[in-house]
Amino acid sequence: MPQSKTIVELSCPAPLPAKDTILLGHGSGGTLSAELLRDVFLPALHNPLLDRLDDQAIFEIGGVRLAMTTDSFVVKPLFFPGGDIGSLAVHGTVNDLAMGGAQPLFLSAAFILEEGFSVADLQRIVDSLHRAAEQAGVQVVTGDTKVVEKGKGDGLFINTTGIGVVPDGLQLSADRARPGDKVLLSGSIGEHGIAILAQREGLEFETTIQSDSAALHGLVAEMLQATREIRCMRDPTRGGVSSTLNEIAQQSRVGIELEERAIPVREEVRGACELLGLDPLYVANEGKLIAMVAPEAADALLQAMRRHPLGQGAQLIGTVKAENAGLVIMRTTLGTTRIVDMLAADQLPRIC
Amino acid sequence: MKYLDEYRDERLAHAVVAEIARQTTRPWVLMEICGGQTHTIMRYGLDELLPRGLELVHGPGCPVCVTPLETIDKAIALALRPDVILVSYGDMLRVPGSRSDLFRAKAQGADVRVAYSPTEAVKIARANPARNVVFLAIGFETTAPANAMAAWQARREGLKNFSMLVSHVLVPPAIRALMVSGANRVQGFIAPGHVCTVMGCSEYDSLVRDFRVPIVVGGFEPLDLLESVLMLVRQLEAGEARLENQYVRSVSYAGNVPAQRIMQEVFEVADQKWRGIGMIPLSGLRLRDEYAAYDANRTFDLEELTVEEPAECISAQVLQGLKKPTDCPVFGMRCTPENPLGAPMVSSEGACAAYYHYRRHAVAS
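Quick note, the sequences are listed as chains A and B, same order. So the first sequence is numbered by this note's numbering: it starts at 295 and just counts up by one. So the second sequence is numbered by this note's numbering: it starts at 80 and just counts up by one.
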C-alpha cells in the first residue's frame, strides 16, 4: 500500500452494510430515490425518453405530440382535509402531464385492494376520483382491480396513467434552465404535507390546514398563453420545493439562488413546521408549480399566473445563476447565504 | 408570526452585529452548547456576520449525537424482537449503530414507531397489552421531565408492558469535563436555554465560579444568539466572568420546579458514556430502583457490548469544540448524511450535518 494521505485512498469500511434493502426513504423523492433510479432502474431500462427524467415522456405518433406519465398513490390516511386518495390520483397524474405543457385527455385507474376493505369507503374514493376527473376534463378510459390478502396491502393503493397532447414546438424540460432565468412559484407551500402529517398516528394535532391538491393544467394553459419563454415546469410534490429545485439545478447544471423572504408560506403551515421542527421547503405540495422562465418574460408570466385562481399567490422566488452549478443557495432574511439541500429521505421530526 | 419574527428581524440583527463588532478588540472562542443553537447559527449564517477572530465552536449538546452506540445497538436488538414495539423520537431512527440503524431494522420487519412525546408510547402500551412497548428515552434535561412522566404514569397505572431504554445526559458535568480537559480553547459559553428552562441557572453559577468563565443562558432564534454573543463579548472584553440570562422570556433562576421534582422522583444521577467523548462521571440519569420494572436495561436480557467508533470519524474533537466539521478529511466525501460515519452527520442538530446541509458552497469555494 502506498503511504498516501490523499482522501480518495482512505479505505476504511463504512460501518453500515451495503444498501441491499429498500428503506422507506427510497420512496421519499430525495437522494435515496435518486440512487435507486441511477443504480437499478436506469441501467436496466434506459432509453432516450426515460433518460430525460422529466415528470412525463413526450413523443410523436402520427404527427401528434403525446405526453404520457404514470403515478402510484399510497397516501395514508386515505381521506384527509382537502381531498382523498381518489382525487389525488387524478390531480397527481394530470399535473405530471401539465408540467410538460400537455393538455391531459385520458387516464387509466388501477386499484389494488386489501381483503377486508370497506366497499363504502371504496365507493367514496371512486366517486371522488370521478368528480376530480370530470372537473379536470379528463376521462378514465381503462382500469384494473386486484385484491391482495389481508395484511398484504394497506387498505387501498391506486395507480393512474395519463395521456395528453402537447402543442407543437413546445419544449419544457428540467435541463433547459439558463443563467439569468427567473424562478416563479404559483403559491404558498407545504399545505398538503402538513394536512397529511396532522392526521398521522402519534402526531395528531388540530389544524385548519387543507391539502392544496388540485389539477394545474388550466393554470398551465394560461401561462403558455402569456409566454412561450418558459424553460421548464415542475410540481414540487414529495420532497417539496427544495428537491424539485435541486433536480432542476443538477439537470440544467446551473445554480439557483432563492430569496427566503419571497417564498410564500401560510402562517398555519409555518406554525406547524416550527412546532414539529420541519422546514416547509421540504414539505409536499399537490397543487403548486414551479416555472423557470426567461427573464424578459417573467413579469408577464407572473401577472398571468396571478389572474388564475390557482396562481393568485404566485411569487418570483429566485434567479438562475452560472455559479454554484448543481446547488440551490438561499439568501436568508438576514442577508446571509446557505445551501438548500436535497434530503437523503423524509425529514425527521426533531427531538427538541 | 408573533414571538418568532421579532427574533429574526434583519434590522435588529444587523444592529446587534454592529455592536458586537464595536465591542470586540481581540479574538475570542465561544461555544454554544446546544445543537438547536448550532442549527440556527448555520441556518441563518450568523457566524458569517461576526467579526473576524470571533470564533464560534459547537458544543456537545446534540442529544442524538451523544447517545452511545451501545444504546442504539440495544434499541435495534429490542426492536427486532417480535414481542416488542420500539417507540422513539424521530431523529433517532437514522442514527447508525455499530451494524445497522432503526430504519433498517424497520425494513427487516421490526415494529418501530415515531412519537413526539413519551406519553404517546404509554398510550401505545395501553392499546397493545400483548406486546412489550419500549420507549427509547434519550436527551438532555429538556426531555427528562416528559420521559420521567411517562414512567411515572405507567407505574401509577400498573402497566406491565411498558419500559424505557434510558440514555439521558446532563449539561453541567459536560461543561466541567470540557473545562478540565487540557485541550480546552473555549473562553465563554452560551448555555442551552431549554435545558435551563427546566433546571434553572444555579448549576451554571458554580461553573462560572470554579472556572472563572462567563456563561450566558441563550435562546434559539437568531437574535437570541447574537445578543448572547454580545453579552459574552462585553464580559470578556471587560475581564469579567458572570452568569447572565439572555433567554429571560423562558428561563427563571429556579427553573421549572415541578418538572425537576418528577425527574428526581423517577431518575437518579449516574455515570454516563457520551458517544464521541467517553465516560463522564455523574453526567447522566438512570431509573431509580423503584422504577426497575420500567427499565428495559433490567427487564430484558440485553447483551452488554462495547463497540468502537470508526477510526476516521473525528466526532470526539468536533463535539468538544476542538475541531470544525470541515477539518475532517472525510467530511462531505465519504461521510455524508446518506452515509454517515459518525452521529454528528446524522441529526439535523449535529454540527457536521449542519455544515453539510447549509455550508458546502462556502467550503468548496
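The hints are simulated quantities; they were obtained by calculation from the structure and are not laboratory data. Think of the CB as a built atom: it goes at the ideal place given N, C-alpha and C, for glycine as much as any other residue. Incorrect hints may appear among the rest.
[What the hints assert, rightly or not] Short, incomplete list of chain B residues facing chain A, as computed with Cβ under 8 Å:
{"id": "1", "residue": "Y86"}
{"id": "2", "residue": "A92"}
{"id": "3", "residue": "N376"}
{"id": "4", "residue": "F379"}
{"id": "5", "residue": "E383"}
[Stated by the list, open to error] Computed cross-link-like contacts, DSBU-like style, restricted to lysine-lysine with a CA-CA straight-line distance of at most 35 Å:
{"id": "6", "chain 1": "A", "residue 1": "K615", "chain 2": "B", "residue 2": "K402"}
{"id": "7", "chain 1": "A", "residue 1": "K370", "chain 2": "B", "residue 2": "K239"}
{"id": "8", "chain 1": "B", "residue 1": "K81", "chain 2": "B", "residue 2": "K185"}
[Unchecked claim] Simulated DEER-style distance windows between Cβ atoms:
{"id": "9", "chain 1": "A", "residue 1": "D345", "chain 2": "B", "residue 2": "T104", "range": "58 to 64 Å"}
{"id": "10", "chain 1": "B", "residue 1": "P208", "chain 2": "A", "residue 2": "R470", "range": "56 to 62 Å"}
{"id": "11", "chain 1": "B", "residue 1": "E316", "chain 2": "A", "residue 2": "T315", "range": "30 to 36 Å"}
{"id": "12", "chain 1": "A", "residue 1": "A351", "chain 2": "B", "residue 2": "D84", "range": "41 to 47 Å"}
{"id": "13", "chain 1": "B", "residue 1": "K402", "chain 2": "A", "residue 2": "L399", "range": "17 to 23 Å"}
(request) Given the hint of 17 to 23 Å, check if B/K402 and A/L399 actually sit that far apart at their C-beta atoms. (result) violated (60 Å)
(message) Less than 8 Å between beta-carbons is the criterion; does B/N376 satisfy it with respect to chain A?
(response) violated (20 Å)
(message) Tell me if the straight-line CA distance from A/K615 to B/K402 falls inside 35 Å.
(response) Holds, at about 33 Å.
(message) Looking only at beta-carbon atoms, does the pair B/P208, A/R470 fall within the given range of 56 to 62 Å?
(response) At roughly 59 Å between Cβ atoms, A/R470 and B/P208 fall inside 56 to 62 Å, so the hint holds.
(message) Does the closest beta carbon of chain A sit nearer than 8 Å to the beta carbon of B/F379?
(response) violated (23 Å)
(message) Need the status of pair B/K81, B/K185: alpha-carbon distance at most 35 Å?
(response) violated (39 Å)
(message) Holds or violated: the hint that B/Y86 contacts chain A, with Cβ atoms closer than 8 Å.
(response) Violated, because the Cβ-Cβ distance from B/Y86 to chain A comes to roughly 11 Å (cut-off 8 Å).
(message) Given a cut of 8 Å on the nearest C-beta pair, is the interface hint for B/A92 held or broken against chain A?
(response) holds (5 Å)
(request) Using Cβ atoms only, decide whether B/E383 comes closer than 8 Å to chain A, and label the hint accordingly. (result) violated (20 Å)
(message) Against the range 30 to 36 Å, how does the distance between the Cβ atoms of B/E316 and A/T315 compare: consistent or not?
(response) violated (55 Å)
(message) Against the range 58 to 64 Å, how does the distance between the Cβ atoms of A/D345 and B/T104 compare: consistent or not?
(response) holds (59 Å)
(request) Sort out whether B/K239 lies within 35 Å of A/K370, counting only the CA atoms. (result) holds (31 Å)
Violation of the numbered hints given earlier is confined to hints 1, 3, 4, 5, 8, 11 and 13; the remaining hints are satisfied by the structure.
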